Amino acid sequence: MRTTYCSLVDQYLPKYLEDDVSSVRKEQIKEHLSSCPDCRGDYKRLKFVLSHLSQVEEYCS
Amino acid sequence: MKGPARDVKSPIRYSRLNDEALLTLAREGDEGAYETLVRRYQHEVYTSAFFMMGNPADAHDASQEVFIKLYFSLGKFAGRSSFSTWLYRLTINTCIDELRSRKRYRNRNVDLEGESYQALEAQIVGKKGDLPEEECLNSEIKEILIREVVRLHDRHRIPFVLRDVYGYSYQEIAEILRLPLGTVKSNIFRARRLLRDMVFKGRGEERNRDEDNILFFS
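Top to bottom, those sequences are chains G and V. Letter 40 of the first sequence, counting from 1, is numbered 40 in my numbering, and no numbers are missing. Quick note: to get my numbering, add 1000 to the position in the second sequence (first position is 1).
Where hints are given, some of them may not hold.
[As the list claims (entries may be wrong)] With beta-carbon atoms standing in for the labels, derived distance ranges:
1. V:1147 with G:24: 14 to 20 Å
2. G:47 with V:1020: 37 to 43 Å
3. G:38 with V:1084: 40 to 46 Å
4. G:26 with V:1071: 18 to 24 Å
Just so you know, these hints were derived from the structure itself, not from any lab. Predicted model, so just to flag it, every value in this text is computed and none were measured. Glycine included, every Cβ here is placed at the ideal spot set by N, Cα and C.
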């Protein structure tokens, strides 16, 4: 079940993906992702979208 | 034995010339060379403008403006980058100028379900026929991404497109948009999450938030 903490973690996911968070925050997020399937899914979907965006560029160049 | 007469010019096959050769001719006033450059890049310029402006009407206007500027800037291209890179930069700058000139810009996204959007989408994805077959397998997700990207509001879409589609650095984007670096980053991060949710959950919250309709360019 999604909690308020899940929403907070979600806000940090783009930064986490870019390794733009403190080491303490990084560990907190990592730990949460390992125990929360909802957030893990959000994280995977975010990575999926971003990985396909680079291919969108093919339409522009 | 006499060779062919050298004083008879054969017609120029513009399409066979590279960009630099066309530029040289265009600078000398060769309209055919200029028209060939326009035809060669009109699709790319339009697509870039569409991502930046977020709707077909403004993208069309911006594209026209780009090619007018190109005509009067032919002599300004210094060759420090490729012509295409220079043209994309001209497109981005033209769009930014247009958006900035509106000051408190009200989002003018048209009805994206309408006929004009269907035609536009067909134009944008029209290049897929030129891609290798395996690339077409991913075309559906690309089309969804394109459709959802243009639904993002300006404050999120513009820095996001500059970063994640065109690869500008955060610092460059902050300078282009004249916004603090922190604001640029947070808007891009927000855009990434919004796009994910729009693609996978269809929340559509982005379009209903009035406060996001106002672009806060300086």
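Among all the numbered hints in the text so far, which are the ones the structure does not match?
1, 4
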